[in-house]
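Novice: So the sequences go chain by chain: A and B.
Residues 0 to 264 (numbering that gives the first Met the number 0) are what the first sequence spells out, left to right.
Residues 0 to 311 (numbering that gives the first Met the number 0) are what the second sequence spells out, left to right.
Treat the hints with caution; some may be incorrect.
Claimed, not checked - Short, incomplete list of chain A residues facing chain B, as computed with Cβ under 8 angstroms: (1) Thr10; (2) Arg15; (3) Pro16; (4) Leu35; (5) Val105.
No wet-lab data here; the hints were simulated from the structure.
Just so you know, even glycine gets a beta-carbon here, dropped at the ideal spot from N, CA and C.
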Amino acid sequence: MTTPGTSDGVTDWTPRPGGAPWLRQVAAQASMESRLMLRNGEQLLLAVVIPVIVLVGAVQGADRVDLDLSGRAIDVFTPGVLALAVMSTSFTSLAIATGFERRYGVIKRLGSSPLPRSGLLAGKVGALVLVEALQVVVISAVALGMGWDPATGGGALLGGLLAVLLGTAAFAALGLLLAGALRAEATLAAANLVYLLLMAGGAVVLPASAYGSFGGVVEWLPSGALGGAMRDALVDGVVAPVALLTLLGWAVVGTVLTARTFKWE
Amino acid sequence: MSDAAPAVAVDGLVMRYGDKVAVDELSLTVDRGTITAVLGPNGAGKTTTLETCEGYRRPQRGSVRVLGLDPVAQRTELLPRIGVMLQGSGAWSGVRAMEMLRHVARLHAHPMDADGLADRLGLGECGRTPYRRLSGGQQQRLGLAMALVGRPEIVFVDEPTAGMDPQSRRTTWELLGEVRAAGVTVVLTTHYMDEAERLADQIHIIDHGRLIASGSPVQLTRGGTAATIRLVVSRPFPPGAPDSLRLALGDLIEVTLLDEVSLLVTGPADATTLAKVSGWCEEQGVLPESLTLGQRTLEDVFLELTGRELQP
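For reference, chain A alone in the conformation it holds in the complex (with noise of 0.2 angstroms):
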């Protein structure tokens, strides 16, 4: 008999299973997907080096244009654009990743570990929120170098966190149904046609009443909700009711649709 583990290459086989506990699992799941989001170039330019441009070029544009604001325009632009970053990391980053990890069998795979889907889902929740705390961290970090004075205290901090939440929330559900339903690269070219749409027409960086008379229409999606109400925790200090009710709506009508039509293979 040799002793298991041993280096001469004979391994101890014995049976001994079960599954780690659930919320190692969950960290595990979360901290692999984050890692392969950030890794991954493309994503890694939606996630940060698209929204710090944008932040960039409409503060530049904004002196020049004139646009009607009603403050700074650092001041005005950052709330928005750290809500192009939650949309682009929880709609589609998360969109593509799922469409490709259907196509690849990595889901299959992971069906039949001791991963449940409840935790399936938490680890992809627990990487965006993981992204996105990177992500607000740069974008923060740039927009502070520029100027930003954002608005501070309890209305503040908890309006914007409601904000990320909900909007999360939301366009994680409308990325998993459109992953769910197509295949992985009509996902790709559906997330990122939806994504650029929303970003020049959806109010997430330009307040819905740049929008003239549509202002009315975009401030129902989740984009101008997302962005409306980021701009109301940060410009002025307040929780957006409306916005945020927008958006859980968003968020249950996803998960409802989701639930429906997902397919795991």
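Based on these hints, arrange chain B on the given structure of chain A.
Specialist: Relative to the frame of chain A, chain B by itself:
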């Protein structure tokens, strides 16, 4: 209770995809501590059966129990106890090989040492290689490592050596033998006869979703003096060839047409039979290209069984 249950019990399983019947009233048992091969051609229903055991598919009719548990209803209880190697990838394209293996290990309570396991499977050198750059054989071995790393009681492996070079195949066979010796039940699908014959304690042969034979390799290849003569000719046999040969050889001998230029004669393969076969060739005006004598192999058994199926 479930400890007395067999590793796998499939009873009257029926699975359809649209009009196509993939699994047709299949019943089979896998005893604990064995290597059991589910052998059959592509499309025979092996993967569907395996995926039903793994809880991916709900039986449309009949029942499936693994370790006495229902793979769908008792999924959370069952999954930590089984290991699964899927056919084809199952990993992120950008994940590094060792990163993937460590991740799966972390989902388990008492995983094996991932580095040791990787070394054992010859994955030591490609640990930092992204999954998409691994060779087919490396991906297969990583898949096997992921199936084993959680120390399962049963491991389901779907075509484990497909696409491996002969050296890797032998290593994999050795390893599965060791795994069994430690008390792990191995259920594998394969369409390689030699794999089933070399490795398995028990073989279930499946064709068109039905079980057509079960037994140990010895039981399956035994058949009295049953040796075989395999006849291959240069041009297709004339019509009615198997019948006329059967007539010439007598009742004790079976003739199975394998394809249009080869047939299998099973029975007492003595000099008389051989002489009769070559006499028949002369009579029919066919030129034998090869005439091989041999013990019955699993391949012969399989071809006989499916051959009969093809010409009822």
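Novice: Taking the hints in turn, state whether each one holds.
Specialist: Do the hints match the structure? See the list:
| no. | hint | in the structure |
| --- | --- | --- |
| 1 | Thr10 | holds (5 angstroms) |
| 2 | Arg15 | holds (4 angstroms) |
| 3 | Pro16 | holds (4 angstroms) |
| 4 | Leu35 | holds (6 angstroms) |
| 5 | Val105 | holds (6 angstroms) |
Of the hints listed earlier, there is not a single one the structure fails to meet.
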